Amino acid sequence: MKRSVFSIFTVLVLAGLILSACGSSATPTQEPAAPVAPAPTDAPAEQPAQPTEPPAPVEKTVIIGFTSSLTGAQEVSSKRQVAGFNLWMNQVNEAGGIQLSDGTVVKFEAHTYDDESNKERVQELYTRLITEDDADFLISPYSSGLTAAASIIAEQNGKVMITAGAAEDDAYKTGNTSLFQLYTPGSLYLISTVDMLKTLDPEAKVAVVHENDKFSTAVVEGLKPYLESQGFEIVLEEGYASETTDFGPVINKIVASGATVLLGGGHYPDGSTFARQLYERKVGLKFISLLVAPADSKFPELGDAALGVATSSQWELAATHTPEEAAALGKEWFGPTGEEFAAAYEAVTGDKPTYHVAGGYAAGLVLQKAIQDADSIDPEKVKAALEAMDIFTFYGGIKFDTSPEAHGLQIGHAMVVAQWQKNEAGELVRKVIWPADVANADPLYPIPAP
Amino acid sequence: MQQFSLLLTSLPDGILLGFVYGLAAMGLTLIWGVMNVINLSHGPIIALGMFGTFFLFMRAGVNPYVGLIPIAVVGVLLGVLIYVIAVHRVINAPHLSSLLATFSVNMIIIGLGTAALTTSPYNVDFSAGSFKIGPVTLLGTRLIAALVTMLFTGGLYLFLYRTRPGKFIRAVANNRAAAELMGVPSTRILALSFGLGTMLAMVSGALIATFFPFSILAGGSYELKSFVIGVLGGLGNPIGALFGGLILGVIEGIIPAFLETSWVPVIEFALFVLILLVRPSGLFGAKK
Amino acid sequence: MTILLSLQGVSKRFGGLQALSNVTFDLPEGQILGLIGPNGAGKTTLFNAINGVYPPEEGRVIFRDKDVTRSKPYDHARMGMARTHQIVQPLNELTVRENVMVGACFGHENQHLGNAARIADEVLEFVGLASRVDQLAGSLNVAQKKRLEMARALAAHPYLLLLDEVLAGLNSSEIDGMIQTVLKIREQGVTIIMIEHVMKAVMNVSDRIIVLDYGQQIAEGSPEEIAKDEKVIEAYLGDPKLAEQLLEEE
Amino acid sequence: MKLWHKYIGLILPVLAVAALVAWPFVTGKPANRESAFTILKAVALASSLNILLGYTGYVSFGHIVFYGFGGYIGIYLLTAQEWSLWNAMLAGGLTSGILAFLLGKAILRLRGAYFALATIGVNEAMKAFINNFDLFGGPTGITLNFSVYKAYGGAAQALQTSFYIGAGLALLAVLLSHIVRTSKFGLGLLAIRENEDAAEVMGVVAPNAKTWAYVLSAIIPGMIGVLFFFKNGNVEPHDAFPLHASIELLVMVMLGGQGTVLGPILGAFAYQGMRGYLVTSAFFKNIQLSVSGALLLAIVLFIPAGAIGWLRHRVPMIRRALA
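Chains as they are written, first to last, in the numbering used here: chain Y, 1 to 450; chain S, 451 to 738; chain P, 739 to 988; chain U, 989 to 1311.
With a Cα cut of at most 35 Å, we get these calculated DSBU-like pairs of lysine-lysine: (1) Y:K422 - S:K582; (2) Y:K298 - S:K582; (3) P:K804 - U:K1093; (4) S:K582 - Y:K198; (5) Y:K381 - U:K1138; (6) Y:K282 - S:K582; (7) Y:K173 - Y:K298; (8) U:K1138 - Y:K399; (9) U:K1093 - P:K810; (10) Y:K298 - Y:K224; (11) P:K810 - U:K1172; (12) U:K1172 - P:K922; (13) S:K582 - Y:K286; (14) S:K582 - Y:K205; (15) Y:K198 - Y:K173; (16) Y:K224 - S:K582; (17) Y:K383 - U:K1138; (18) Y:K205 - Y:K173; (19) P:K804 - U:K1172; (20) Y:K79 - Y:K298; (21) Y:K173 - Y:K331; (22) Y:K173 - U:K1138.
Hint data in this document are derived by calculation from the structure and do not stem from the laboratory. Just so you know, these numbers come straight off a predicted model, no measurement behind them.
So that you can see chain Y by itself, here it is in the shape it has in the complex (with noise of 0.2 Å):
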């Protein structure tokens, strides 16, 4: 009797849930106005009606829509990324939005759902956004992949999508005309670093190892012809599970080969895991690096271990770019200094800015400039506002291919390298070491023997 009342009741709950699951996603039905127009449509409903009288300051208020990855192992550059998104956002609306000529204010609203790192849902999540919350703009999951399926839903709706953590080439050699890539391209991660160990040790060996995953092998297929064509000699090239815990095995192999110098890695767990094992293991390289963790701010986590361990980095506060550099160039500034993006950061979250956090406010800044060049939301002329744009903010140089074989691939943009090295006080810093003009530091070569 007791067991049958239960199951009752378990069926109830069920029913409940499944109910109201139908029930909320059918809320919006009742508005009554059909929201089954596309949004660009709108625009020029309104603007006739506007020279009829004295132009009254209309607030308009443009939803940026994205998922972001609040579980899974894209969690923590991924949050790094919405905080940098969020705190553009909130500096723009706090500053009275952006103005238009037209006298129209334009303020900001984030929708947003968790993808879980899965791309199972992510064309979901993305047409729900597009075609519920009416997303204006959309920003790009953390990770090449979860892009990769992202930008098709932004493609087929003709949605601009600014991509922050997707630096993988081949998303932006597909045809499509809607993605914007903020990163530089993973075929050039490394490039610069080349360049340095030129300069270092032109006879060192390396070895490659690296995360058997997308982003990762990218990085290495465009590393591996240029340590060829600059004279170096790769003894060892190596890619090893996502969830590889156990380096061992290929420490080992790094010491056999007789490598001098390291240069891999993969994502943060992996990368954080390798570093320490490394040091562990009192491997002696003259000099390591890793892609993506030790630009995290938790990297010294691993205390000694961090010492010396150097990043690819697509921004550096050190480094960070300067109205003067831009004026040099030639170039249009935009945007506050890094300086000023730093300590805005700081004070909302007592933390310092990562790349991947610039990344995400990067993402926002030029959406901003985008439709203040545009002089408008309409996505066909932001969207052209981005084709034709070549500034410079603190982030850096933003030039947009616009070839229709690799359409919204970045390459304005270079890349720092930075290390950990010891301050005064024998605290871990990160320093940039690389290009020299901008380094705060020399490269800390070789890594002293642990």
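Following the hints, put chains S, P and U in place on chain Y, whose structure we already have.
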């Protein structure tokens, strides 16, 4: 020659890790042996053990090896709790029911864990030094972990063969109906077995945390390893699991000397399926 | 007279136990062969050897002029051999009709579902389960499950029917009913081997009887001959008087 | 009356799928189309799995391997060999079927939990292998060029088309499930599920029947894989062989009631509907996995036969209708 020196340097590591993998698998295989349940909440339980070390050591400053004691106690209690709530009702149902019941426990733990701890990686910054013997570097944490595993294996052996509850467990594993007729309180024994299995998983997690970073999701790959090890050593044979763990550790040490590291899982899982087909009772079990 | 089934020196061992040794006999078409012997004599093992569940290590099983020693149980079934199990094995979550249809569909006639349903209804009528066709097999009582076993075997319209203790656990009127059923089956031209402990029935129905003891074939002959066989009486019937009584009971 | 009776077991499932297809059109919202696609995909996969799990009684924990393998083959042919989507889908389904045939010959000898473990091993080995297989792009996977969509009327039209194809595949899976359930072959499978040894004695050629059931349960997942990765625009190893998706499929079949045509459909609705709701709900967002887990546990413990099974046991009248 290079391969030989690679083997020489990689093997000891593999063996030391193999012990700890074996300990995790022992928990899985004990539960399988006693009640024919494949515990799909094994992975998250391992992860809980990892967080046990993290909170005791990083927050309360307890030495990780002393911390094993409270973790083991919590493990037994947690296991009994899981058994009573989720497993007992489906113990005689078809396999699918117990698989899904333990999988729902998996979802519950991961869900709560994600809400409380996020899925970010955690690190236990603990070192027990390292020893260099010729070209071979042995890490202290791994050495101690292997020793602790041996202690636990010995303890488990003594418990199963020398104590009354242990004998009851073996009786229930052998033939539950007959054991019940002889007056063995089978429900309590089943709950205790589940508790022991959970304890072993948590302790192995606690040890792993001293050398690898982890997140609430980290248990998944150790759970898969435990399946492989369980089958290598013979499902239901806790001592076999230790040898299975050693074999897996050796495989992980050897393969990279000949192939790219990324081939390791291919070979592991192919071997796993092969052994299931050829010798389902494990390498050390009687031939079927 | 055509020989339907022929066993030639069939032997089977389980570990150290010699379950069957050198069992040899010919079974002509249309006969009922009784198979008796004490518990553990190897009767069910012999069935398992005949229908391929546990193929014998030595010897040959010839069915309808084909060597089927190494064939699988389903090959035997498809050649026209059907059996019941001593411990009933109903397909619990299927209906009674579906259970019987399995027999008709996959036996040697290889019937379509439509025909199989018709045959199932006929056979269930025949064994007296017509009122339960839509019930789940798991919900039947033991006697009904025994009839279901029989119905499944019959639905295959086999040449050879192996009956493993279909009378066990039935009361005497049920036994009489079942005996009539068995005789009716024989009338349809089906050859039968039956394992049975109820002597009255075996002696009554069988054309010939084989006695197994410790896997050995200790006697073979007509019911009368068996009843008088010293070895049989010693091994199985125990008491000659008891044996005579059994024979006279009819 | 007789005819109605005969086909009611098919009509209800088809109506359920049809309602799902109609939903985005009635509400006029493309987001619902995407949600409907997610559910249709689940219906197709769960109904396929049901042939093996529900009818034959073999618990596969790695069924998603056919989805990933077929998907990879199809996407490879679509990009590198420039096949049409149709041919690529057929090829994906076919190769998945062949894989199931070969695998089935080997691992269907195992019973119970051993079979379940072997299927996990196969899935993980395949994922690791593809990760190292350069022809399929290794870890980078394969990315579709947008020009591929041009042949289908551009990206927007291609997504619409994908939805129709997905609906077609779901319907196909349901039909297949119904045909198997009501066929002689299906009766043999049910006999194997109930008692494999007894079934063999009655003449069911279990090894062949099981293998064919495995093949039939693998073909549509292979085709769905091609379609999904075509729609998603790329395929990577860890998206193609997610172990947890295999388990989710089991949960769906279990929720609705294994061994019935309608069960997996309802299960797919309930599970995907619930997950979709929990993921986007402000209240449950953070603990949605735990809530799903607790609900699943309650169902496993208290209604193990699933919704349909529960009804069948209590209301014999509708047994035929819900077959």
